[in-house]
Amino acid sequence: MSTPQAIAAEALAEEAFPEARRRWWQPETSWGKLALLVAVLIVLSILFLYPLEWLAAAAFKPRGETFDNSFLPQHWTWNFTGANRASPFPQLLFNVAPVAHWLWNSFWISFLGAGVVTFSSAIVAFAFAYFRFPLRNLLFGILLATMMLPQEVTMIPIYLLWNKVGHFTTDHAWLPHIGTGTQYPLWVPNLFGSPFYIFLLRQFFLGIPRDYFEAARMDGDGYFSMFRRIALPLAKPALIVTFIFEVQAKWFDLLNPLIYLRNEALFTAPLGMKFLLDRFNAQGGGEGDYQVIMAGTLLLVVPMILLFAVFQKYFIRGIAVQGRKG
Amino acid sequence: MASVSATQTAPRPSRARRWISGFGERETRTALLFILPWIFGFLVFQLGPMLFSLYYSFTNYGVQQIAGLEPTKTVGLKNYRQLVDDPKVMASLKNTFIYTVMMVPGRLIVALLLAMLLMRVGKLGGVFRTIFYLPTVTPPVAIGVMLVFLFNGTYGIINRGLHVIGIQGPYWTTDPNWIKPSIALMDIWACGATMVVLLAALYAVPQHLYEAASMDGASPLRRFFTITLPMISPALFFMFIILTLYGLQQFTQSYTAYFGPGGTQPEAALFYSIYLFRNAFEYFNMGFASAMAWVLFAISMIITGINILASKRFVFYQGGPR
Numbered sequence: 002m003s004t005p006q007a008i009a010a011e012a013l014a015e016e017a018f019p020e021a022r023r024r025w026w027q028p029e030t031s032w033g034k035l036a037l038l039v040a041v042l043i044v045l046s047i048l049f050l051y052p053l054e055w056l057a058a059a060a061f062k063p064r065g066e067t068f069d070n071s072f073l074p075q076h077w078t079w080n081f082t083g084a085n086r087a088s089p090f091p092q093l094l095f096n097v098a099p100v101a102h103w104l105w106n107s108f109w110i111s112f113l114g115a116g117v118v119t120f121s122s123a124i125v126a127f128a129f130a131y132f133r134f135p136l137r138n139l140l141f142g143i144l145l146a147t148m149m150l151p152q153e154v155t156m157i158p159i160y161l162l163w164n165k166v167g168h169f170t171t172d173h174a175w176l177p178h179i180g181t182g183t184q185y186p187l188w189v190p191n192l193f194g195s196p197f198y199i200f201l202l203r204q205f206f207l208g209i210p211r212d213y214f215e216a217a218r219m220d221g222d223g224y225f226s227m228f229r230r231i232a233l234p235l236a237k238p239a240l241i242v243t244f245i246f247e248v249q250a251k252w253f254d255l256l257n258p259l260i261y262l263r264n265e266a267l268f269t270a271p272l273g274m275k276f277l278l279d280r281f282n283a284q285g286g287g288e289g290d291y292q293v294i295m296a297g298t299l300l301l302v303v304p305m306i307l308l309f310a311v312f313q314k315y316f317i318r319g320i321a322v323q324g325r326k327g
Numbered sequence: 128m129a130s131v132s133a134t135q136t137a138p139r140p141s142r143a144r145r146w147i148s149g150f151g152e153r154e155t156r157t158a159l160l161f162i163l164p165w166i167f168g169f170l171v172f173q174l175g176p177m178l179f180s181l182y183y184s185f186t187n188y189g190v191q192q193i194a195g196l197e198p199t200k201t202v203g204l205k206n207y208r209q210l211v212d213d214p215k216v217m218a219s220l221k222n223t224f225i226y227t228v229m230m231v232p233g234r235l236i237v238a239l240l241l242a243m244l245l246m247r248v249g250k251l252g253g254v255f256r257t258i259f260y261l262p263t264v265t266p267p268v269a270i271g272v273m274l275v276f277l278f279n280g281t282y283g284i285i286n287r288g289l290h291v292i293g294i295q296g297p298y299w300t301t302d303p304n305w306i307k308p309s310i311a312l313m314d315i316w317a318c319g320a321t322m323v324v325l326l327a328a329l330y331a332v333p334q335h336l337y338e339a340a341s342m343d344g345a346s347p348l349r350r351f352f353t354i355t356l357p358m359i360s361p362a363l364f365f366m367f368i369i370l371t372l373y374g375l376q377q378f379t380q381s382y383t384a385y386f387g388p389g390g391t392q393p394e395a396a397l398f399y400s401i402y403l404f405r406n407a408f409e410y411f412n413m414g415f416a417s418a419m420a421w422v423l424f425a426i427s428m429i430i431t432g433i434n435i436l437a438s439k440r441f442v443f444y445q446g447g448p449r
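The listed protein sequences derive, respectively, from chains A and B.
Our numbering numbers the first residue of the first sequence as 2 and each following residue consecutively.
Our numbering numbers the first residue of the second sequence as 128 and each following residue consecutively.
Only chain A is shown next, with the shape it has when bound in the complex (with noise of 0.2 angstroms):
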């Protein structure tokens, strides 16, 4: 009747936008009402838009016109890379900081991070969709109750949690040193699941008929190889959604990076950016090279950006699916 696929696009595809079937010629509103609405919402693009192109212009102006405000740049200067130069002179990008590094931190970090939770999450959510045991409810009602778990409440012991663990690997040298200071604990936790997510992709398993995974037990499949063969396959949308939502929160995340990160060499993109609005910020006593601080920024919205382009589809119908079963 319908594919395995067919079912798979289904659950996130379902007619969230029903737009696509009304022909835009077709409008029920007047032509006339169109155009107006049109323009309202080119208005209203514009001052969305605007702070994203001022800053992306900033970023290519020279030192002393970040502030004129332009549309497009008077003086296009390249502000990230090229020769060191004496300080009364323009402040480079990568020559101030090293922001290769940063940029690589976020990057490994985010999507180690997303790929561990996206696994990690499936694997927990597959078992409450799927087998049923004593307690099940139970413990998936803790489940949903720790998603409204403020984390302040749990980072300062969670904190002294990877004291400790620095502590013991410091006395054990036979061992990677693991703790505060080192980049571990902002992915570690991401081994074992993240209640949304759980939640998130326990919704989609429960949509995938019983009937395939009895036909796979008949031939012979253990649990694993079910939920591997056929669980994953049919969830990759819900799989999708997560890895970038979590790639998106780790690129996102400052407060984490700020708590166990101090040496320089360690620090995420944000942390990173955060550093050189100090530094740089007059209003800090910095030194008032605000085209680095235009240009790191850039740096750090692009890649999100760009993941927006390449997963658009998935950002949008995934908060749409989260906000219905809300």
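No wet-lab data here; the hints were simulated from the structure.
Hints should not be assumed to be uniformly reliable.
Unchecked claim - With a cut-off of at most 25 angstroms between alpha-carbon atoms, the simulated DMTMM-like pairs for lysine to aspartate or glutamate come out as follows:
(1) B:200 - B:212
(2) A:165 - B:212
(3) A:34 - B:338
(4) A:34 - B:343
(5) B:215 - A:69
(6) A:165 - B:409
(7) B:200 - B:213
Please build the complex by placing chain B on the supplied structure of chain A, with the hints as guidance.
What follows is chain B alone, placed relative to chain A:
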């Protein structure tokens, strides 16, 4: 025949016994193995830390105790009393409330307006939807950085723009009265996710309701208040709760713009989470910060509880209350 009567008289295992024997089944063991990562994570990263922070909130836990120089002492309710006495706690709480009260309705209203506009233009809306969503993928640190520059009282483009239309803009980043509105405005700018949720809710409203209302001669405004609003009220309510919790925990944008070693440290932008962070990781008053965290948790729970109670009156669930 004998076998039939035998099965009839054999006592069925009681519910409790079947429940207990469930633990021994292979399926149960496999299931527990599968959820083991979460159970571990829950115990080590959620339940354990929760209990510890509750305990710390009644102690003098601080930098000496971390270093093991002094023993941890319980101090009863001292931290909680100090919390009431600390003017900065009260100020930060007030800041957080004011900001939340501006940000949540602002975001909901703008998101709803955008969603309704998008729905009216049909397929053309796709491009605009992408544009309105872009600020949502802008990292909060970048938003904080832009906040400082765009809202600069003298040079910022916002005040330049206001100047063009003849308004003398306030000194957003230094005037205590205008710091929170500027942070809230940047947050309203990033309303894309809220907009998408509301858009999906708007599309789920059955078209025939509007047709019937139009035939009865209901005005567009009336249709909005009697059909649209009730039908999307569950989504609005859901976003209201999520955004309120988000607002109460606001940290990154304000911290980036005003705090840290290079910030101007204005008291008007000192949000509760920022003050909590400073107590915990700048002054290392872990006990006091834990008490602050539990108060935040309690406030979040109380506000959510009140919202849920109030929702019974205002939120319309299709097919009766859930």
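Each hint, compared with the structure:
At roughly 21 angstroms between alpha-carbon atoms, residue 200 of chain B and residue 212 of chain B fall within 25 angstroms of each other, so this suggested pair holds. As the CA atoms of residue 165 of chain A and residue 212 of chain B are separated by approximately 33 angstroms, the hinted pair breaks the 25 angstroms bound. Distance restraint check for residue 34 of chain A and residue 338 of chain B: the Cα-Cα separation of roughly 19 angstroms lies within the 25 angstroms cut-off, and the hinted pair is therefore satisfied. With a CA separation close to 23 angstroms, the supplied pair residue 34 of chain A and residue 343 of chain B stays within the 25 angstroms bound.
Pair hint residue 215 of chain B plus residue 69 of chain A does not hold up; C-alpha atoms about 38 angstroms apart against a cutoff of 25 angstroms. Annotation: proposed proximity of residue 165 of chain A to residue 409 of chain B holds, straight-line Cα distance about 19 angstroms (limit 25 angstroms). For the hint linking residue 200 of chain B to residue 213 of chain B, the alpha-carbon distance of about 21 angstroms falls within 25 angstroms, and the restraint holds.
Hints 2 and 5 from the list above are not met by this structure, while the remaining hints are.
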